[in-house]
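Residue numbers (our numbering), protein chains in the order written: chain E, 1 to 142; chain A, 1 to 142; chain C, 1 to 142.
The set of hints was computed from the structure by calculation and includes no laboratory data.
The reader is advised that the hints may include incorrect statements.
[What the hints assert, rightly or not] According to the in silico footprint, chain E covers these stretches of chain C (three or more CB under 8 Å from chain E):
hint, stretch
1, 9-20
2, 43-50
3, 53-60
4, 71-78
Where is the CB? At the ideal position from N, CA and C, for every residue including glycine.
Now for the letters of each chain:
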Amino acid sequence: MSERTPAHDGMPRPLHPEGWAPPVGHAHGMAAAGRLVFVAGQVGWDPATATFTSDDVTTQTAQALRNVVAVLRAADAGPEHLVRLTWFFVDRDEYLRARPAIGAAYREIIGRHYPAMAVAMVSALVEERARVEIEATAVVPG
Amino acid sequence: MSERTPAHDGMPRPLHPEGWAPPVGHAHGMAAAGRLVFVAGQVGWDPATATFTSDDVTTQTAQALRNVVAVLRAADAGPEHLVRLTWFFVDRDEYLRARPAIGAAYREIIGRHYPAMAVAMVSALVEERARVEIEATAVVPG
Amino acid sequence: MSERTPAHDGMPRPLHPEGWAPPVGHAHGMAAAGRLVFVAGQVGWDPATATFTSDDVTTQTAQALRNVVAVLRAADAGPEHLVRLTWFFVDRDEYLRARPAIGAAYREIIGRHYPAMAVAMVSALVEERARVEIEATAVVPG
Chain E
1 MSERTPAHDG
11 MPRPLHPEGW
21 APPVGHAHGM
31 AAAGRLVFVA
41 GQVGWDPATA
51 TFTSDDVTTQ
61 TAQALRNVVA
71 VLRAADAGPE
81 HLVRLTWFFV
91 DRDEYLRARP
101 AIGAAYREII
111 GRHYPAMAVA
121 MVSALVEERA
131 RVEIEATAVV
141 PG
Chain A
1 MSERTPAHDG
11 MPRPLHPEGW
21 APPVGHAHGM
31 AAAGRLVFVA
41 GQVGWDPATA
51 TFTSDDVTTQ
61 TAQALRNVVA
71 VLRAADAGPE
81 HLVRLTWFFV
91 DRDEYLRARP
101 AIGAAYREII
111 GRHYPAMAVA
121 MVSALVEERA
131 RVEIEATAVV
141 PG
Chain C
1 MSERTPAHDG
11 MPRPLHPEGW
21 APPVGHAHGM
31 AAAGRLVFVA
41 GQVGWDPATA
51 TFTSDDVTTQ
61 TAQALRNVVA
71 VLRAADAGPE
81 HLVRLTWFFV
91 DRDEYLRARP
101 AIGAAYREII
111 GRHYPAMAVA
121 MVSALVEERA
131 RVEIEATAVV
141 PG
């Protein structure tokens with residue numbers, strides 16, 4: 001099937017330029033059409049109380065991803081509609097050490113759906129205890 | 001009314017997962033459909049001359065928000081169509097001190113419309129005097 | 001022609017608020033409608049091997065832009081459909097020195113199409129040798 005358009009079922013569709021190395025844990029790009037869901041930057045806190053219960057980057061990332069999924073659900077969308085994740089971490093070494101564990105948490109919470117991603121280390125986030133903030137975008141067909 | 005789809009009038013619609021703490025000055029997410037407006041990262045300078053007249057973060061933020069509104073207007077859109085703001089500040093302490101004043105400026109310029117937001121502190125912006133850069137996205141129904 | 005809507009041919013359309021200084025190398029905003037292409041953050045490596053061959057910021061930026069174009073092509077899109085570029089550089093002085101050369105590379109690879117842009121300096125990127133990461137979004141009419 002051509003990558004020109006969203007998949008036959010209208011779902012967001014990964015893009016893979018010919019000859020490129022397989023992406024690890026993300027897509028090189030996504031094509032999609034439909035209504036849009038913009039998820040605010042999620043941090044790894046308990047969304048009911050807006051308080052952190054852990055300073056561990058993996059624990060926080062898992063919680064931030066759960067929070068992303070909860071916002072998607074409020075729009076009647078799911079992780080399979082994600083087209084982009086932009087990750088802001090505050091410590092590169094900490095992130096690299098946690099990467100395998102973060103990957104495992106990702107697969108548990110989001111599944112095997114990998115949208116387009118960008119990752120940058122920033123000097124700080126608003127919440128002092130936040131180790132990561134994840135901004136997400138989804139497209140729901142129809 | 002269900003949060004599944006954009007509001008009855010097609011306007012961007014805030015998303016609020018059940019049981020979550022009320023967001024302060026932003027939405028947890030936005031659902032929207034329509035034509036898109038992508039606003040370039042706005043800094044707090046005078047857009048006619050591309051020069052700064054203040055080094056104060058609140059003054060700059062107010063001007064950057066006015067600049068966002070001006071670009072929206074050029075697309076026949078308004079603040080009520082905003083679905084996402086991504087804020088890059090250069091100094092976290094400065095931002096936290098200015099937060100109440102920034103909130104007041106926001107309500108004056110944008111109104112009570114709060115889209116999805118993410119905030120990150122970055123090491124620098126292109127313009128030496130810039131204390132903040134705001135990237136904005138809007139969706140106009142129809 | 002009014003800037004209210006995408007251009008007559010449906011292509012993404014630059015927005016220019018009245019009285020604003022002409023933007024240098026970017027648009028103040030873009031209006032667009034159609035299917036969306038989300039390009040993952042591109043770094044300046046060889047995408048076939050995922051390895052860097054240069055530590056020069058201009059060389060890396062040119063390669064990152066070529067990578068953006070390759071992902072667009074996999075969606076049957078081109079540089080003319082770009083609506084937003086977000087650039088993350090790791091060193092402001094390095095970026096400012098390279099700016100003229102980066103501009104020349106941009107015009108060679110992307111052409112005279114300038115979407116909405118934001119630029120931030122971040123503390124680090126995931127890949128140790130990466131000097132820049134570029135996140136891109138495109139809208140294809142129809």
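Test coverage of the stretch 53-60 of chain C by chain E using CB-CB distances below 8 Å; three residues minimum.
Violated: only 0 residues of the stretch 53-60 of chain C have a Cβ under 8 Å from chain E.
Tell me if chain E covers the stretch 43-50 of chain C under the three-residue, 8 Å CB rule, please?
holds (count 4)
Are 3 or more residues of the stretch 9-20 of chain C near chain E, judged by a Cβ distance of less than 8 Å?
This one is violated; 0 residues, fewer than the three required, reach chain E with a Cβ under 8 Å.
Quick check: do three or more residues in the stretch 71-78 of chain C have a beta carbon closer than 8 Å to a beta carbon of chain E?
As far as the stretch 71-78 of chain C goes, the hint holds, because 6 residues have Cβ atoms under 8 Å from chain E.
Consistency note: the structure conflicts with the earlier hints numbered 1, 3.
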